[in-house]
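> Sequence:
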Amino acid sequence: MSIEEVPVIDISSQSLSESNADSLRRACNELGFFFIRKHGVSMEFYQKLISGADQLFSSPEETKQKLKLEISPYTPKFVLSPFTESFKVSGPNFSTSAAA
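Each residue of the sequence shown is one higher than the one before, starting from 321 at the first, in the numbering used here.
Among these hints, one or two may not hold up.
What the hints assert, rightly or not - In the DSSO-like style, the derived pairs of lysine-lysine whose C-alpha atoms are separated by at most 27 Å in a straight line are:
1. Lys388 with Lys368
2. Lys368 with Lys358
3. Lys386 with Lys368
4. Lys368 with Lys384
Hint data in this document are derived by calculation from the structure and do not stem from the laboratory.
Keep in mind that this is a model prediction, so the values were computed, not measured.
Kindly produce the complete structure, drawing on both the sequences and the hints.
Written out as structure tokens, the structure reads:
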């Protein structure tokens, strides 16, 4: 895929539309990425974000392992569990899944 084929989605308040929502959904489902323009994020904030990410990822592994999120936005697509050998259990709540 060339750079010209990557969807560019304008999310300024003037251009929020069903068409943009469809473009965003299609980009997420089919490509997995897209460009966003007119997002309103300042260059100063962006530079602080990149600097913080660089600092985090260059930290020693033992420092990163000490970090804990109380609420994680990450949900794995496939959850591995010790029960997969005996019966199929999926989802974040194993007991509910197993009872189904």
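> Each hint: holds or not?
The hints, checked one at a time:
1. Proposed proximity of Lys388 and Lys368 is supported: the alpha carbons are some 21 Å apart, at most 27 Å.
2. For the proposed pair Lys368 and Lys358, the alpha carbon gap of about 19 Å is at most 27 Å, so the pair holds.
3. Restraint check for Lys386 and Lys368: the C-alpha separation of about 22 Å stays at or below 27 Å, so the hint holds.
4. Restraint check: the Cα-Cα separation between Lys368 and Lys384 comes to about 19 Å, which is no more than 27 Å; the hinted pair holds.
Checked against the numbered hints listed earlier, the structure breaks none of them; every hint is satisfied.
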